Amino acid sequence: MNIAISGYGRMGKIIESLANERNHKIVAIIDNESDWKLKRDALAVADVIIDFSLPQAVTGNIDKAFGLNIPIVIGTTGWDKERENIIAFCKNHSKTLFFSPNYSIGVNIFFELNKKLAELMQNITAYDVGIEEVHHAGKIDKPSGTARKLAEDLLPLMPGKEKWVNFASGNPDDLSIISFREGNITGNHRVIYTSEKDVITIEHKALNREGFALGAVLAAEWVIGKTGYFEMKDMLNFNK
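Be aware that the sequence shown starts at 763, since it is given in the numbering used here, and climbs by one per residue.
Since the hints were derived computationally from the structure, they do not count as laboratory data.
Any given hint could be a false lead.
Said to hold, decoys possible - In silico DMTMM-like pairs for lysine to aspartate or glutamate, Cα to Cα no more than 20 Å straight-line: (1) LYS877 x GLU965; (2) LYS904 x GLU944; (3) LYS925 x ASP936; (4) LYS877 x ASP996; (5) LYS901 x ASP793; (6) LYS843 x ASP903; (7) LYS775 x ASP793; (8) LYS995 x GLU983; (9) LYS787 x ASP809; (10) LYS995 x ASP842; (11) LYS826 x ASP809; (12) LYS923 x GLU958; (13) LYS843 x ASP825; (14) LYS877 x ASP890; (15) LYS878 x GLU894; (16) LYS988 x ASP825; (17) LYS877 x GLU894; (18) LYS967 x GLU894.
In this text, all values refer to a predicted model and were calculated from it rather than measured experimentally.
Produce the complete structure using the sequences and hints provided.
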């Protein structure tokens, strides 16, 4: 498979290494706006683009991939406001977009556990729920895309919770996400149910970035030949 990588930071470099290990060919590395024009001939032979760029660049990168009719796998977060319109365009114009706020297989199992636990806790009013996430000091978006996904999955399942906020709120209608940016932490996420008597916690802790990169490469392999909008739950058959 011929892969183009958009965004050549830490994740882009790990994706390059893992893709080579899986006998794929990196035909282009796009790391700035001019690369899209300078490397157009190389992009013409790409089977898929994997994007771990920047929030301010990702929607333009998606537009370019759609214009070239190349499937694109997006790991960049922080573009929530544009996502619904882009997904609708993708579906209506027979383009191919795969997005996940986190490509770790373990995190996507964690997403499903989060929903299952929320279903059990729906009518148990003694507990209040909150989310904590910790990432390295260089992470730009806050809260993380993973934390937002956890919160968005919780809100429709938790009676009385109207919206998530990125601070410790004293309002019982708010779902609080507490974000920490420190050191070189890859990514830790906790969903915490607290009552006056006890605490129930589910947690995912990433030990390194290779799990994220491998999931993105697996998604790129899986999406070839498909048209439409996809997420990890589709690849992992969690919809069944």
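Structure versus earlier hints, numbers of those that do not hold, lowest first | none
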